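K.L.:
Now for the letters of each chain:
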Amino acid sequence: MSWEWDVILEHYPRLLQGAWLTLELVLFSGFVGLMLAIPLALMRVSDRPWIQAIPFAYIFFFRGTPLLIQIFLIYYGASQFSIIKESALWPILREPYWCAIITFALHTAAYIAELLRGAIQSIPKGEIEAARALGMSYPLMLRRIILPRAFGIMMPSYGNEVILMLKGSALASTITLLDLTGMARTIIARTYTPLEIFLAAGVIYLIISALLILLFRILEKRFNRHQHWPNERPKDLDPQH
Amino acid sequence: MSFKKFISAATLIAATIVTPAIAGDKIRIATEGAYAPFNMINADGELAGFDVDIANALCEQMKADCKIVAQDWDGIIPGLKARKYDAIIASLSITPERSRVVAFTDHYYSNSLTFVSGKGSTFDPKALKGKVIGAQRATIAGQYLEDHLGDVATVKLYDTQDNAYLDLSSGRLDAILSDKLPAYDWLQSEEGQAFEFRGDKIDIDDKIAIAVRKQDKQLKQRINQALQAIIENGTYEKINAKYFPFSIY
Chain A
1 MSWEWDVILE HYPRLLQGAW LTLELVLFSG FVGLMLAIPL ALMRVSDRPW
51 IQAIPFAYIF FFRGTPLLIQ IFLIYYGASQ FSIIKESALW PILREPYWCA
101 IITFALHTAA YIAELLRGAI QSIPKGEIEA ARALGMSYPL MLRRIILPRA
151 FGIMMPSYGN EVILMLKGSA LASTITLLDL TGMARTIIAR TYTPLEIFLA
201 AGVIYLIISA LLILLFRILE KRFNRHQHWP NERPKDLDPQ H
Chain B
1 MSFKKFISAA TLIAATIVTP AIAGDKIRIA TEGAYAPFNM INADGELAGF
51 DVDIANALCE QMKADCKIVA QDWDGIIPGL KARKYDAIIA SLSITPERSR
101 VVAFTDHYYS NSLTFVSGKG STFDPKALKG KVIGAQRATI AGQYLEDHLG
151 DVATVKLYDT QDNAYLDLSS GRLDAILSDK LPAYDWLQSE EGQAFEFRGD
201 KIDIDDKIAI AVRKQDKQLK QRINQALQAI IENGTYEKIN AKYFPFSIY
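These protein sequence lines are chains A and B, in that order.
Numbered per the numbering used here, the first sequence finishes at 241, counting up by one with no gaps.
Numbered per the numbering used here, the second sequence finishes at 249, counting up by one with no gaps.
Okay, chain A solo, but in the shape it has when bound (with noise of 0.2 angstroms):
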């Protein structure tokens, strides 16, 4: 067996041009998730049954089937019907990025939301009553208390999904869209050097999950710095100023 470096370097260019797209993918559909997830979330967490019903069903759904069959549900199912074709929803549905995006936010909120449900589940008690003594109003709860805290609670399991997402985008490349994966695929079926190619695009993925993580870790650090300040010593409490 001949191993061809040669042809790792020809076709750098071109992974590269396939990695920016997964990237583009992930971070893209991982924003539309969280938007998504937040209110997902909320709604799971009301004390009123039939509010958690709807994200429960939803949940269920996305978590319960594989993310394959929703993509071909979206891009392959969703073209067979005139009604869609024909509707103004058309023009996005018919571009296989779109396809992926929706599929993929779709899904990731699904997961999203159940992190961020135990996150918000997970919020000491005295925390929220400190809030509502204050006077605070829920929606100013929310954003000062309940999701700062919920975020910084999530933010490790969070960085793994995203890192299931990246992985999980390969499938991008089964509606036709030159992903990292899909462009790994068709390179290969031209040189016919699978180990060589399959090797850099692993490579590639590598680098990428490094990177996210080390995103994730500034992110808990962020939104956990209360809970590390006794080890960082502010200026105004050191004895020394």
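Hints should not be assumed to be uniformly reliable.
Only part of the chain B face toward chain A is listed, based on derived beta-carbon distances under 8 angstroms [stated by the list, open to error]: (1) M40; (2) D53; (3) A138; (4) G142; (5) Q143; (6) K156; (7) L157; (8) Y158; (9) N163; (10) G171; (11) R172; (12) T235.
The hints are simulated quantities; they were obtained by calculation from the structure and are not laboratory data.
Quantities reported herein were computed from a predicted structural model and do not represent experimental measurements.
Note that CB positions come from ideal geometry on N, CA and C, so glycine has one too.
Please build the complex by placing chain B on the supplied structure of chain A, with the hints as guidance.
P.N.:
What follows is chain B alone, placed relative to chain A:
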């Protein structure tokens, strides 16, 4: 040893070496049985299709006693080398890689590429600028699109031919580029009713031939002669017409 004796001994040895290749006029032929309409297993559980009809016609022409067996695609060339059968008639394209391992006869049909588009569409193979064209990834059609039309049109590659057909039906694609003969089969199906071939076929020099073992030169020659004969006497044309309304030679 006198010269005369030497000659007769040589003939005898030659005869014993050559005869097994003809195998007492018993020829075993392998096909796949999973590539309609070329080779498939029909409702009665028997092998049928264009390849099988060609095999039978050749055997009749050679006056040989033939036995056609089904063999999985992956093992079809190893099985020939292992003498499980003497020839492969299974829509095998002539490729340089295969030619190193087996001997090919003259071709018995040709594959070409063609565009498929909706019956009402304005798609014209001569004006491809800005069009969206699909094909299956890792196929000759896919490579052809990338190499020749990648700069002009948008090329989309699919994991399976069926997915490309789905996107043609949904209107995401203006056309697909495909192997002509399997596409013809799809056009006959219910889903394919709204579509048709567009433009001339694109010749990609993909010739389909019969494979025999490299050392069986005599068998190869006999098959070539029989092939020539059935083409000349019209048998080939009759078989062709049974499956396709155009010549696939």
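K.L.:
Provide an ascending list of the numbers of those earlier hints which the structure does not satisfy.
P.N.:
The structure breaks hints 1, 2, 12; every other hint is satisfied.
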